[in-house]
Amino acid sequence: MIRRRREAIGVRKRWLAGPQAALARALDSPAARAALFPRADKMIELLQLDSARTYLDVSLGGGAFADLLAAR
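In this note's numbering, the protein residues as written are 1 to 72.
If you are wondering where the hints come from, they were derived from the structure by calculation, not from laboratory data. Everything numeric in this text was worked out from a predicted model, so none of it was measured. Don't take each hint at face value.
With a cut-off of at most 25 Å between alpha-carbon atoms, the simulated SDA-like pairs for lysine to any residue come out as follows [claimed, not checked]:
1) K42 <-> A21
2) K42 <-> R4
3) K42 <-> D67
4) K13 <-> T54
5) K42 <-> L69
6) K13 <-> V58
7) K13 <-> L27
8) K13 <-> L46
9) K42 <-> S29
10) K42 <-> T54
11) K13 <-> A70
12) K13 <-> K42
13) K42 <-> A71
14) K42 <-> A26
Estimated spans, in silico, between C-beta atoms of each pair [what the hints assert, rightly or not]:
15) I9 <-> P30: 32 to 42 Å
16) P19 <-> Q48: 38 to 48 Å
17) A17 <-> L47: 32 to 42 Å
18) L49 <-> A17: 15 to 25 Å
19) P30 <-> D50: 11 to 21 Å
20) P30 <-> T54: 32 to 42 Å
21) R4 <-> Q48: 11 to 21 Å
Note that beta-carbon positions come from the ideal geometry of N, C-alpha and C, so glycine has one too.
Please build the complete structure, drawing on both the sequences and the hints.
In structure tokens:
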């Protein structure tokens with residue numbers, strides 16, 4: 001499990017630094033994530049998230065959705 005995680009992190013770093021770095025950075029931006037995950041607004045509404053509180057994301061994903069929610 002840890003080896004796969006390290007491998008995934010390495011692939012992402014190479015993608016962000018490779019020949020398509022500009023595209024990679026654009027797709028990694030909060031605006032692009034909002035376009036890719038249009039459900040974030042609905043999730044915030046349904047979960048009644050409050051910026052004055054702290055939340056813990058316990059999941060099996062890469063954390064992209066949590067990053068998107070945190071940016072809002």
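For each hint, the structure was consulted:
1. Proposed proximity of K42 and A21 is contradicted: the alpha carbons are some 31 Å apart, above 25 Å.
2. A distance of roughly 32 Å separates the Cα atoms of K42 and R4; the hinted pair therefore is violated under the 25 Å criterion.
3. Our distance criterion of 25 Å between C-alpha atoms is met by K42 and D67, whose separation comes to about 16 Å.
4. At roughly 28 Å between alpha-carbon atoms, K13 and T54 are farther apart than 25 Å, so this suggested pair is violated.
5. With a CA separation close to 11 Å, the supplied pair K42 and L69 stays within the 25 Å bound.
6. For the suggested pair K13 and V58, the alpha carbons sit about 24 Å apart, so the restraint of at most 25 Å is met.
7. A distance of roughly 14 Å separates the Cα atoms of K13 and L27; the hinted pair therefore holds under the 25 Å criterion.
8. With a CA separation close to 34 Å, the supplied pair K13 and L46 exceeds the 25 Å bound.
9. With a CA separation close to 20 Å, the supplied pair K42 and S29 stays within the 25 Å bound.
10. Proposed proximity of K42 and T54 is supported: the alpha carbons are some 19 Å apart, at most 25 Å.
11. Between K13 and A70 the alpha-carbon distance is near 22 Å, which keeps this suggested pair within the 25 Å criterion.
12. Between K13 and K42 the CA atoms are separated by roughly 31 Å; this puts the pair beyond 25 Å, and the hint is violated.
13. For a cut-off of 25 Å, the pair hint linking K42 to A71 stands: about 15 Å separates their Cα positions.
14. Among the hinted pairs, K42 with A26 is consistent with the structure: their alpha-carbon atoms are about 23 Å apart, no more than 25 Å.
15. Between I9 and P30 the CB atoms are about 20 Å apart, so this pair departs from the stated range of 32 to 42 Å.
16. One distance hint, 38 to 48 Å for the beta-carbon pair P19 and Q48, holds here, with the actual separation near 43 Å.
17. Roughly 35 Å separates the CB atoms of A17 and L47, a value that falls within the hinted 32 to 42 Å.
18. Hint check: L49 to A17, Cβ distance near 33 Å, so the stated range 15 to 25 Å is violated.
19. Here the CB-CB span from P30 to D50 is close to 19 Å, well matched to the stated 11 to 21 Å.
20. In this structure the hint that P30 and T54 lie 32 to 42 Å apart at CB is violated, the actual value being about 20 Å.
21. Range check, R4 to Q48: Cβ separation about 35 Å, and the 11 to 21 Å hint is violated.
Taken one by one, the earlier hints fail for this structure at numbers 1, 2, 4, 8, 12, 15, 18, 20, 21, listed in ascending order.
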